[in-house]
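Colleague: Please model the complete structure; the sequences and the hints are all you need to start from.
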Amino acid sequence: MMKLISLRFASMCFAAMVTATLALSQNITGAGATFPYPIYSQWFSEFKKTHGSVQINYQSLGSGAGIRQLEAGTVDFGASDKPMTDEEIGKQKVKPLHFPTVMGGVVPIYNLPGSSGDVKFSAQALAGIFLGTISKWNDPILLKDNPGLPDKNIVVVHRSDGSGTTFVFSDFLAKVSPEWKSKCGASASIKWPVGLGAKGSEGVTGLVKQTPFSVSYVELIFATQNKIGYGSVKNAAGNFIKADINSVSAAASGAAKNMPTDYRVSIANAAGKDSYPISTFTWLLIPSTIADGNKKKALIEFLHWMLKDGQKMAGALGYAPLPPSVVAMVDKSIAQVQ
Amino acid sequence: MASSAKSTSFTAVRKSVQMGDEAARLVTLVFAGGILLITLLVVAVLWDHSSLALYKFGFHFFTSQNWDPNSDEFGALPFVYGTLMTSFLALLIAVPLGVGAAIFLAELAPPKISSILTFLVELLAAVPSVIYGLLAIFTLVPFMRDTVEPALQSTLGFLPFFQGQIFGVGYLTAGVILAIMTFPFIISISREALLAVPREQREAALALGATQWESTFDIVLPNARLGIIGSIFLGLARALGETMAVTMVIGNDPSIKASLFAPGYTIAAVIANEFAEASGNLHLSALVALSFVLFLLTMVINGAARLMIMATSRKGA
Chain D
1 MMKLISLRFA
11 SMCFAAMVTA
21 TLALSQNITG
31 AGATFPYPIY
41 SQWFSEFKKT
51 HGSVQINYQS
61 LGSGAGIRQL
71 EAGTVDFGAS
81 DKPMTDEEIG
91 KQKVKPLHFP
101 TVMGGVVPIY
111 NLPGSSGDVK
121 FSAQALAGIF
131 LGTISKWNDP
141 ILLKDNPGLP
151 DKNIVVVHRS
161 DGSGTTFVFS
171 DFLAKVSPEW
181 KSKCGASASI
191 KWPVGLGAKG
201 SEGVTGLVKQ
211 TPFSVSYVEL
221 IFATQNKIGY
231 GSVKNAAGNF
241 IKADINSVSA
251 AASGAAKNMP
261 TDYRVSIANA
271 AGKDSYPIST
281 FTWLLIPSTI
291 ADGNKKKALI
301 EFLHWMLKDG
311 QKMAGALGYA
321 PLPPSVVAMV
331 DKSIAQVQ
Chain B
1001 MASSAKSTSF
1011 TAVRKSVQMG
1021 DEAARLVTLV
1031 FAGGILLITL
1041 LVVAVLWDHS
1051 SLALYKFGFH
1061 FFTSQNWDPN
1071 SDEFGALPFV
1081 YGTLMTSFLA
1091 LLIAVPLGVG
1101 AAIFLAELAP
1111 PKISSILTFL
1121 VELLAAVPSV
1131 IYGLLAIFTL
1141 VPFMRDTVEP
1151 ALQSTLGFLP
1161 FFQGQIFGVG
1171 YLTAGVILAI
1181 MTFPFIISIS
1191 REALLAVPRE
1201 QREAALALGA
1211 TQWESTFDIV
1221 LPNARLGIIG
1231 SIFLGLARAL
1241 GETMAVTMVI
1251 GNDPSIKASL
1261 FAPGYTIAAV
1271 IANEFAEASG
1281 NLHLSALVAL
1291 SFVLFLLTMV
1301 INGAARLMIM
1311 ATSRKGA
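These protein sequence lines are chains D and B, in that order. The first sequence begins at 1 in the numbering used here and counts up one residue at a time. The second sequence begins at 1001 in the numbering used here and counts up one residue at a time.
To be clear, the hints were calculated from the coordinates, so they are not data collected in a lab. Heads up, some of the hints might be wrong.
[Stated by the list, open to error] Not everything, but these chain D residues come out facing chain B in the computed CB check (under 8 Å): (1) 63; (2) 65; (3) 150; (4) 152; (5) 153; (6) 155; (7) 162; (8) 163; (9) 185; (10) 187; (11) 196; (12) 203; (13) 238; (14) 240.
[What the hints assert, rightly or not] List of simulated lysine-lysine pairs, DSS-like, C-alpha gap at most 27 Å: (15) D:242 with D:227; (16) D:95 with D:257; (17) D:312 with D:48; (18) B:1257 with D:209; (19) B:1257 with D:136; (20) B:1257 with D:152.
We put the CB at the ideal spot given by N, CA and C, even for glycine.
Modeller: What follows is the structure in structure tokens.
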């Protein structure tokens, strides 16, 4: 009996302690893109270490789900791999602001047994392969840049789940191929003309590894973390560029000159001789007015921290940090949060 | 307790027992009513959330083959076809295999072997489906691509089911993995049903001069048919709703093709794939409408199972 009472007392004390810390700390919830999840979760835990009272919880549900939750008001901020459309912004009760955080690239991966060296993909070749008009590896368009490819059917593999990766990839194809733009467009879910669908980056790489003569696309960070070889892509300046942190950052610098003030910009097929053409920003979506003063203060503090200390952590995880010119611009924009 | 008070305390106990009965009746009634309520709520919510797509496309939703989230065109037919086709293939493989194995375990196998095998089968039934999916990607898909499907194509290639390019993923592979996943259910429940047939029935048949096989096939099997049919429909229910393993090996292509080697899609798979990143309200609504279709499909199939059981019970004993 004594034991029971003391146990109960202890649990009451514990409950009181928990409520006390909860009252002191600031809880912020966000939801959205899966692509930046590794860096976001590191940022939020590092930020908590230096700003003990702020606990940011992030659910990586997908960009679309993040936008819907923001609209429903169930989260304090969203995150997306694609800029919101005017229509999507119109639906929101409070206008959200776009804050670019880091950059990533999407790379072509393939399974070519018995061939060595990286395959070079021109924009025309990539569009043709995913449209189904190029069906063999020894198609003249591919052979022009890659002599000696085999006489085999190309097996196209694509994401079956709606995904920011697919948006970035199709956005690039839509920019370089009018036929792709009219037939398939740029979206997180595409009605694919050819190919097999696989769920998630893991599913896509699994299927490519299992299927000889297949080709697909994954995020650069996924390819580097899992040590998957990938091809280079011809950029707008006509150079074949292999994606890495520098070439992705170069794409942002190329686009920085014409950066719109709301940052809703695609940097696919960006200008610049070193730019990797299938690059993208990923954005935090922060409401332009935040009623709760403490939450507003914490979020603004986080944005400043993210641009200063946070950017240094990006490279180690395979994300390209924002170029300094963009950092300076974004830092000024934080004042727009009211 | 004093003996003089015995009779009064007896009625008191009687009364409290009756009250206990009453309370138990009410509590279980509430639970049973809860099931009905949940079913009705599921229907109401599915109807409510799918109405946008169902009003917009009407009956066309069920006959259209076009699923294009980008231009807001949604048709359910490829998914319904894929769901029914893979489940049919699964049963085609799993029923003979499962019932055969159950007969062996219940009737023929030595008790020691039977109990070991039964344990293993029940273990198989508990494996999470994503594990089956991973196994399928790494072992079944290459095996189907390099061995089974080329063999089928070279022998039965004149049939439209076995033509076209071989990918390794597709309807047939999905059917095979579903068969592997459903047959533990069929074995384990069929075996119970076979064991439940009274021993006297077998002894009577043997006494009348039947061989062991005749006793099994003509006496035990008909007696256990309800349980066996039940096991098949339970397996079918799992096959219809199975999501992860199927989406990993079916190829996820919303189109209807005659070839079993071609990639396809199922209702459960497309919901799992597209729900999180649905591009707009209509897309979301179309996905809920698909889950409504799946719900109706399982209802119809369960109803059919009931009718079938009723029909065969009336005919037999």
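Colleague: Need the list of violated hint numbers for this structure, in ascending order.
Modeller: 3, 4, 13, 14
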